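Protein chains: 2
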Amino acid sequence: MRAYNFNAGPAAIPLEVLERAQKELVNFNNTGMSVMELSHRSKDYEDVHNRANALLRELLGIPDSYEVLFLQGGASLQFSMIPMNFLKENETAHYILTGSWSEKALKEAKALGETRIIASSKDSNYSHIPTDYSLDGIEDGAYLHITSNNTIYGTQWQDYPTSPIPLIADMSSDILCKEIDVEKFSMIYAGAQKNLGPSGVTVVIAKKDFLARAQSNVPTILKYSTHADNKSLYNTPPTFAIYMLSLVLEWAKAQGGIKAIQKNNEEKAGYIYAAIDDSEGFYKAHATQDSRSLMNITFTLPNEELTKKFLAEAKERHFIGLAGHRSVGGCRASTYNAVPKEACMALAEFMNEFRNQNK
Amino acid sequence: MRAYNFNAGPAAIPLEVLERAQKELVNFNNTGMSVMELSHRSKDYEDVHNRANALLRELLGIPDSYEVLFLQGGASLQFSMIPMNFLKENETAHYILTGSWSEKALKEAKALGETRIIASSKDSNYSHIPTDYSLDGIEDGAYLHITSNNTIYGTQWQDYPTSPIPLIADMSSDILCKEIDVEKFSMIYAGAQKNLGPSGVTVVIAKKDFLARAQSNVPTILKYSTHADNKSLYNTPPTFAIYMLSLVLEWAKAQGGIKAIQKNNEEKAGYIYAAIDDSEGFYKAHATQDSRSLMNITFTLPNEELTKKFLAEAKERHFIGLAGHRSVGGCRASTYNAVPKEACMALAEFMNEFRNQNK
Numbered sequence: 001m002r003a004y005n006f007n008a009g010p011a012a013i014p015l016e017v018l019e020r021a022q023k024e025l026v027n028f029n030n031t032g033m034s035v036m037e038l039s040h041r042s043k044d045y046e047d048v049h050n051r052a053n054a055l056l057r058e059l060l061g062i063p064d065s066y067e068v069l070f071l072q073g074g075a076s077l078q079f080s081m082i083p084m085n086f087l088k089e090n091e092t093a094h095y096i097l098t099g100s101w102s103e104k105a106l107k108e109a110k111a112l113g114e115t116r117i118i119a120s121s122k123d124s125n126y127s128h129i130p131t132d133y134s135l136d137g138i139e140d141g142a143y144l145h146i147t148s149n150n151t152i153y154g155t156q157w158q159d160y161p162t163s164p165i166p167l168i169a170d171m172s173s174d175i176l177c178k179e180i181d182v183e184k185f186s187m188i189y190a191g192a193q194k195n196l197g198p199s200g201v202t203v204v205i206a207k208k209d210f211l212a213r214a215q216s217n218v219p220t221i222l223k224y225s226t227h228a229d230n231k232s233l234y235n236t237p238p239t240f241a242i243y244m245l246s247l248v249l250e251w252a253k254a255q256g257g258i259k260a261i262q263k264n265n266e267e268k269a270g271y272i273y274a275a276i277d278d279s280e281g282f283y284k285a286h287a288t289q290d291s292r293s294l295m296n297i298t299f300t301l302p303n304e305e306l307t308k309k310f311l312a313e314a315k316e317r318h319f320i321g322l323a324g325h326r327s328v329g330g331c332r333a334s335t336y337n338a339v340p341k342e343a344c345m346a347l348a349e350f351m352n353e354f355r356n357q358n359k
Numbered sequence: 001m002r003a004y005n006f007n008a009g010p011a012a013i014p015l016e017v018l019e020r021a022q023k024e025l026v027n028f029n030n031t032g033m034s035v036m037e038l039s040h041r042s043k044d045y046e047d048v049h050n051r052a053n054a055l056l057r058e059l060l061g062i063p064d065s066y067e068v069l070f071l072q073g074g075a076s077l078q079f080s081m082i083p084m085n086f087l088k089e090n091e092t093a094h095y096i097l098t099g100s101w102s103e104k105a106l107k108e109a110k111a112l113g114e115t116r117i118i119a120s121s122k123d124s125n126y127s128h129i130p131t132d133y134s135l136d137g138i139e140d141g142a143y144l145h146i147t148s149n150n151t152i153y154g155t156q157w158q159d160y161p162t163s164p165i166p167l168i169a170d171m172s173s174d175i176l177c178k179e180i181d182v183e184k185f186s187m188i189y190a191g192a193q194k195n196l197g198p199s200g201v202t203v204v205i206a207k208k209d210f211l212a213r214a215q216s217n218v219p220t221i222l223k224y225s226t227h228a229d230n231k232s233l234y235n236t237p238p239t240f241a242i243y244m245l246s247l248v249l250e251w252a253k254a255q256g257g258i259k260a261i262q263k264n265n266e267e268k269a270g271y272i273y274a275a276i277d278d279s280e281g282f283y284k285a286h287a288t289q290d291s292r293s294l295m296n297i298t299f300t301l302p303n304e305e306l307t308k309k310f311l312a313e314a315k316e317r318h319f320i321g322l323a324g325h326r327s328v329g330g331c332r333a334s335t336y337n338a339v340p341k342e343a344c345m346a347l348a349e350f351m352n353e354f355r356n357q358n359k
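Protein chains in written order, with full-length UniProt numbering: chain A, 1 to 359; chain B, 1 to 359.
Note that these hints are calculated values from the structure, not bench results.
Every value quoted in this text rests on a predicted model; they were computed, and no experiment measured them.
C-beta atoms are modelled at their ideal positions from N, C-alpha and C, and glycine is treated no differently.
Keep in mind that the hints are not guaranteed to be accurate.
Claimed, not checked - Here are some of the chain B residues that sit facing chain A, going by a computed Cβ distance under 7 Å:
no.: 1; residue: A3
no.: 2; residue: N7
no.: 3; residue: P10
no.: 4; residue: Q22
no.: 5; residue: L25
no.: 6; residue: V26
no.: 7; residue: G32
no.: 8; residue: M33
no.: 9; residue: G73
no.: 10; residue: E108
no.: 11; residue: P198
no.: 12; residue: S199
no.: 13; residue: P219
no.: 14; residue: I221
no.: 15; residue: N235
no.: 16; residue: A241
As the list claims (entries may be wrong) - To spell it out: a stretch of chain A is covered by chain B in this simulated footprint if at least three of its residues, at any positions, have a beta carbon under 8 Å from a beta carbon of chain B; those stretches are:
no.: 17; region: 3 to 10
no.: 18; region: 240 to 254
As the list claims (entries may be wrong) - Calculated cross-link-like contacts (lysine-lysine; reagent style DSSO-like; alpha-carbon spacing at most 27 Å):
no.: 19; chain 1: A; residue 1: K43; chain 2: B; residue 2: K315
no.: 20; chain 1: B; residue 1: K107; chain 2: A; residue 2: K88
no.: 21; chain 1: B; residue 1: K223; chain 2: A; residue 2: K104
no.: 22; chain 1: B; residue 1: K104; chain 2: A; residue 2: K231
no.: 23; chain 1: B; residue 1: K43; chain 2: A; residue 2: K309
no.: 24; chain 1: B; residue 1: K253; chain 2: B; residue 2: K341
no.: 25; chain 1: A; residue 1: K223; chain 2: B; residue 2: K104
no.: 26; chain 1: B; residue 1: K359; chain 2: B; residue 2: K308
no.: 27; chain 1: A; residue 1: K107; chain 2: B; residue 2: K223
no.: 28; chain 1: B; residue 1: K231; chain 2: A; residue 2: K110
no.: 29; chain 1: B; residue 1: K110; chain 2: A; residue 2: K223
no.: 30; chain 1: A; residue 1: K23; chain 2: B; residue 2: K315
no.: 31; chain 1: B; residue 1: K107; chain 2: A; residue 2: K231
no.: 32; chain 1: A; residue 1: K110; chain 2: B; residue 2: K88
no.: 33; chain 1: A; residue 1: K107; chain 2: B; residue 2: K88
no.: 34; chain 1: A; residue 1: K107; chain 2: B; residue 2: K231
no.: 35; chain 1: B; residue 1: K231; chain 2: A; residue 2: K104
no.: 36; chain 1: B; residue 1: K23; chain 2: A; residue 2: K315
no.: 37; chain 1: B; residue 1: K88; chain 2: A; residue 2: K88
no.: 38; chain 1: B; residue 1: K43; chain 2: A; residue 2: K104
no.: 39; chain 1: B; residue 1: K308; chain 2: A; residue 2: K43
no.: 40; chain 1: B; residue 1: K88; chain 2: A; residue 2: K223
All chains should be built: construct the whole structure from the sequences, respecting the hints.
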């Protein structure tokens, strides 16, 4: 049977997408070749590449004044590429810390230039998105960096800051989960392995006039302009990962687009949050109510023993990936776009059952 | 029907490998998930990751004193990572130029430090591997860089230089095509998309004591030590590409290992070179006899018109990827490991036929 996949990433991919990829794997589009065997300069591959780009633009409402790039190296490479390109001498890069990934992003910028922490919720073990911060006086800054969703802690920005300087967001774990206003951002980046497809491709959405400000003393392959000037075909792209991305985006469109996906995600997360909220304290959410993530639901049980028992019984019922990250402990259910509603309902039901038997 | 795939890269993948990947695509190893949906921290994925590593070690005879890393970004990212890590101030990096890819590697090193060209065959449009060079006086150099096979020009090193300083080779287009002595090299790197699998993963084989010499002021993700210390699991690896790599390596082992593959490659290239050599000058090889590549066979026809006719008729017969690179013109047949002997025999036969009809 198909597993209930709650992995934090790499994560669930829609079954329809996998089945289509399976069907086409050996002979793509009657070429007599797998999509993996196509030249990245061939018309057949370029159609895939361009379709992924066009679908992402359509789904997110990305204006023509933005580039959409397909890179390699994951968000971790973006942590360095951003300051290499955009943090000039005598400028300061501003970071809001909402978890381990924002810390990692900051660390790489720190090694390359001046940085400042605008706000951080570290003192509460990143249980919420900070609201008590001011952006006054940052007008000369290079950029403001946020992490839109925090996989480990289960928190998510609800209202993005209105920044006087270029706003950059790591949306690896929540891109495409809800409607956003792309124009609030100068750059959005996301590793694909949560909501977009398999690992191995990173999506970058960036304002053209922001890219034009980049420094020039950067290795060719690490310059955004290299990839923008070559439609992400400067070097051989990860063609199969981009093909999978194109199929996931087609699926997302067929679901009714982001509005419909958001509604579905709210329902899905709703089942599990209800199981927590109605548990009379048996399950405790790590994230505060106002910062709860639609994508990663973190909760603890009364003690270590019950946590182990919960995870063991969950495993028997084909629930995968429910162990929490060591920084928070307890459990985590990642309910990315491709996780079906049925899986979330089944988990909520199991949580209720387990509580009744063990309270 | 299956195409005769002579693409320069991404290129042919063994049909058996594609069929196995197809079979396992939706449900890998009875997990109820695709291999793409597995956590990179799960036992099932780690087995794949470790198997790829072990098989590459076995096939190439890589000693324990070497690391085997799976990275992203292709050879193009290696062009920058190598000088970032290993070209210190007051040191010189030495390059032997045998084509466009070595030029690109040099260009990135030049932007980061002192470089010197030891030899180049550019004057003859890279028709051969230089032999008239001396490595005297380079003892203080950071490293010596070569490109073992030149996809565009169809040349290949037959005997590697014996270097007094660390020898680094870009083997993207000929790794695993013939037996090599890994211990001649301090580092070997290769994008996977020619002989190893799909694009999106880069293999790095490096001596541990060479890696230990790297500079420390390098972004975390661009340090080889980061990946060596974390068994290539510092950040999410391109899991599906590594899975495909593991299947290709299993296939290579089943062929009888590299010795058997080399013999097969020699036969395959032999058919096509014979069609050139026996053509009484109708086909002209670009590469000189002593520098001919086992992997990329470059040749020209008497004129532009016949070249076009040749390519058009070839296309009708399902020969894919035979157009030469614009730097050389004419035609190119890439006969990587996964290109079947039958495809090479069919091409040689077609070449003979075409010559008889058009000479």
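| request: Taking the numbered hints from earlier one at a time, note which ones the structure violates and give those numbers from smallest to largest. | output: Failing hints: none at all.
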